Amino acid sequence: MTSSVREKLLVYLLLSVVLIIFMTPIYLILVSSLKPAALMFSKPPAFIFTPTLDNYYDLFTMRPFHLQILNSLIVALGSTAFSLTVGTLAAYAISRIKSRWINDVAFWILSMRMFPPIAVVVPYYIIFQSLGLLDTPLALIIVYSTFNIPLTVWLMKGFFDEVPEALEEAAQVDGHGVFATFLYVTLPLTAPGLAVSAVFCFIFSWNEFLFALMLTGSKAQTVTVAVMSFWSSDAVQWGRIMAGSLVVLVPGVIFVLTCQRWLVKGLTMGSVKG
Amino acid sequence: MSHTAGRNQRIALIFLLPAVLILFVTTIYPMVYALWLSFRNYDLSKPFIPRIFVGLANYLEILTSQAFFHALLTTFKLMAMTLSVQLVLGVGIALLVTQKLPGMAVARTLLLIPMMISPVVVGLVWLFLYFPELGYLNYFIGLVGLGPVPWITSTRWALTAIAIADIWQWTPFIMMGTAAALQSLSPEPYEAARIDGNSRWDVFRYVTLPQLKPVLISLLFLRAIDAFKIYDIIYVLTKGGPGDATEVMSLYIYRQSFTFWRMGVGAAASFVSLIIITVLITFFFKSMQRSQVTQAR
Numbered sequence: 001m002t003s004s005v006r007e008k009l010l011v012y013l014l015l016s017v018v019l020i021i022f023m024t025p026i027y028l029i030l031v032s033s034l035k036p037a038a039l040m041f042s043k044p045p046a047f048i049f050t051p052t053l054d055n056y057y058d059l060f061t062m063r064p065f066h067l068q069i070l071n072s073l074i075v076a077l078g079s080t081a082f083s084l085t086v087g088t089l090a091a092y093a094i095s096r097i098k099s100r101w102i103n104d105v106a107f108w109i110l111s112m113r114m115f116p117p118i119a120v121v122v123p124y125y126i127i128f129q130s131l132g133l134l135d136t137p138l139a140l141i142i143v144y145s146t147f148n149i150p151l152t153v154w155l156m157k158g159f160f161d162e163v164p165e166a167l168e169e170a171a172q173v174d175g176h177g178v179f180a181t182f183l184y185v186t187l188p189l190t191a192p193g194l195a196v197s198a199v200f201c202f203i204f205s206w207n208e209f210l211f212a213l214m215l216t217g218s219k220a221q222t223v224t225v226a227v228m229s230f231w232s233s234d235a236v237q238w239g240r241i242m243a244g245s246l247v248v249l250v251p252g253v254i255f256v257l258t259c260q261r262w263l264v265k266g267l268t269m270g271s272v273k274g
Numbered sequence: 001m002s003h004t005a006g007r008n009q010r011i012a013l014i015f016l017l018p019a020v021l022i023l024f025v026t027t028i029y030p031m032v033y034a035l036w037l038s039f040r041n042y043d044l045s046k047p048f049i050p051r052i053f054v055g056l057a058n059y060l061e062i063l064t065s066q067a068f069f070h071a072l073l074t075t076f077k078l079m080a081m082t083l084s085v086q087l088v089l090g091v092g093i094a095l096l097v098t099q100k101l102p103g104m105a106v107a108r109t110l111l112l113i114p115m116m117i118s119p120v121v122v123g124l125v126w127l128f129l130y131f132p133e134l135g136y137l138n139y140f141i142g143l144v145g146l147g148p149v150p151w152i153t154s155t156r157w158a159l160t161a162i163a164i165a166d167i168w169q170w171t172p173f174i175m176m177g178t179a180a181a182l183q184s185l186s187p188e189p190y191e192a193a194r195i196d197g198n199s200r201w202d203v204f205r206y207v208t209l210p211q212l213k214p215v216l217i218s219l220l221f222l223r224a225i226d227a228f229k230i231y232d233i234i235y236v237l238t239k240g241g242p243g244d245a246t247e248v249m250s251l252y253i254y255r256q257s258f259t260f261w262r263m264g265v266g267a268a269a270s271f272v273s274l275i276i277i278t279v280l281i282t283f284f285f286k287s288m289q290r291s292q293v294t295q296a297r
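Protein chains in written order, with the numbering used here: chain A, 1 to 274; chain B, 1 to 297.
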């Protein structure tokens with residue numbers, strides 16, 4: 001569509017403005033996490049300074065941040081493994097059952113992902129309190145699965161739809177059972193889908209804040225709640241906030257840079273073809 | 001063969017069962033519990049006081065309270081502000097990054113990053129930018145002769161400040177969806193329109209936009225559902241304040257439940273939210289089926 005040099009220049013100019021605006025906050029997190037406190041708000045912003053790892057040192061020594069990383073990892077990996085197992089099975093069923101009602105079931109599952117967390121946080125609190133599960137990773141694994149299972153079901157359904165059923169029928173004629181066929185024939189063909197679903201489940205769990213804030217105390221605290229807590233203390237420790245924020249945003253950034261072509265599918269629930 | 005097919009369908013049902021059961025226990029049960037709570041007087045900070053049945057009193061209270069409708073109005077105001085800007089900016093940026101020029105793929109990838117950042121971190125970095133006296137945003141706009149703006153400390157600007165942070169995080173979502181849709185459009189109508197000598201704006205207005213419409217509607221409903229649930233960014237930036245300037249529905253429920261310890265009132269408000277969200281979700285599903293039909297063509 002672009003023809004003249006002037007139009008090309010205009011496109012690049014506009015895009016530069018957009019990029020500068022959208023990248024500045026991310027740049028600020030990175031740079032501020034390496035700045036000494038004295039330069040944190042210096043005007044004009046210090047572009048050239050001696051970077052320091054003091055903020056990261058504080059982050060891991062003044063508070064057990066590595067324990068909170070561990071908590072987040074346990075919760076995110078636990079919920080991912082659980083959701084992937086349950087969600088993949090359901091997705092396969094939805095893809096293969098030929099009935100009208102199965103569509104309603106699929107939409108019901110998807111709708112479970114969209115309800116406001118704040119509406120159910122009090123019931124969860126009371127239920128987990130009576131089960132003695134408050135402030136445990138297990139509580140968060142269960143809660144996060146309520147939105148990770150629907151996500152997995154919808155992503156994997158798309159992948160299963162593309163596996164030709166003739167392939168499965170052939171395997172069954174050869175004497176393999178339904179489950180063996182699923183496990184050894186169909187599932188390996190959808191390996192990319194499994195990887196993408198796993199990463200999505202992981203990132204959403206890792207980034208979650210509201211439930212983690214309400215359902216954990218000091219023992220099972222996750223990284224997002226920990227980073228926020230640097231703000232609530234007496235003096236705002238911007239250095240530690242920025243260093244902690246950087247740790248929190250690393251998995252998401254890696255995900256975008258490595259598998260961005262799957263983002264469309266995962267975030268629009270298949271309403272837009274990527 | 002039909003015998004095996006029937007057996008396979010039955011086995012498929014068994015595959016489906018765990019997910020359905022788990023979702024029933026983990027989502028329907030808490031929702032029913034919220035409904036039950038909404039008819040009671042319950043204070044979580046005093047667990048030994050019985051949960052008295054109060055009938056519709058909690059619903060009557062919120063439906064006659066100004067704070068509830070203020071929260072509802074603020075939610076929709078924020079939704080209108082963020083969605084309109086995200087739509088225009090998102091489509092605009094999508095038109096830029098889908099130009100066949102070198103470097104576009106890199107720009108597109110970089111622009112996707114904000115979406116995958118935890119909303120808490122988004123809130124914190126914008127707090128850093130908005131911070132009274134010290135924040136860089138007033139310094140930056142001061143360079144072009146504007147400001148200083150009391151971003152999060154004045155009732156006049158606080159909601160705008162929240163909207164800006166949300167727009168920063170989610171404009172890439174509209175951009176991404178629109179760019180994907182743009183690249184799946186067939187080139188023929190364009191060539192025809194160009195040959196007919198239409199201006200670029202006319203081509204966009206009468207050829208591109210009608211084709212994008214179903215996708216844009218789906219994307220906007222998804223954003224609307226998320227916008228109705230917004231919590232983290234506001235919790236970090238203003239906690240609903242100053243006063244009640246940014247008290248959207250989630251913050252209202254939070255305040256009723258955990259500041260005033262009135263779980264019943266919070267549950268009643270939650271249930272009204274669930275109904276509104278259900279309406280939005282239904283519209284999204286309808287638009288989704290429609291856009292899938294268009295894209296399949």
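I should point out that these hints are in silico values taken from the structure, not numbers from a laboratory.
It should be emphasised that the depicted structure is a prediction, and the values quoted were computed from it without experimental measurement.
Using N, Cα and C, we set each Cβ at its ideal position, and we do this for glycine too.
One should not assume that every hint holds.
[To be verified] From chain B, some residues computed to sit far from chain A (all C-beta separations above 10 angstroms):
1) 50
2) 197
3) 245
[Stated by the list, open to error] Label-pair ranges, simulated between beta-carbon atoms:
4) B:206 to A:67: 58 to 66 angstroms
5) A:130 to B:261: 17 to 25 angstroms
6) B:88 to A:8: 42 to 50 angstroms
7) B:196 to A:7: 17 to 25 angstroms
8) B:206 to A:54: 19 to 27 angstroms
9) A:19 to B:183: 45 to 53 angstroms
Against the structure, the hints come out as follows:
Interface exclusion of residue 50 of chain B from chain A stands, the closest Cβ pair being 14 angstroms apart, more than 10 angstroms. Residue placement check: residue 197 of chain B keeps its beta carbon more than 10 angstroms from all beta carbons of chain A (closest about 14 angstroms). At roughly 19 angstroms, the least C-beta separation between residue 245 of chain B and chain A is larger than 10 angstroms, which holds for a residue marked as non-interface. At about 59 angstroms, the beta-carbon gap between residue 206 of chain B and residue 67 of chain A stays in the expected band of 58 to 66 angstroms.
The beta-carbon spacing between residue 130 of chain A and residue 261 of chain B, approximately 18 angstroms, falls within the hinted interval of 17 to 25 angstroms. With their beta carbons about 23 angstroms apart, residue 88 of chain B and residue 8 of chain A fall outside the hinted range of 42 to 50 angstroms. Judged by the Cβ atoms, the range 17 to 25 angstroms given for residue 196 of chain B and residue 7 of chain A holds: they are separated by roughly 20 angstroms. Distance hint check: the CB atoms of residue 206 of chain B and residue 54 of chain A are about 59 angstroms apart, inconsistent with the given range 19 to 27 angstroms.
A beta carbon spacing of about 20 angstroms between residue 19 of chain A and residue 183 of chain B contradicts the range 45 to 53 angstroms that was offered as a hint.
Hints 6, 8 and 9, counting from the list given before, are not met by this structure.
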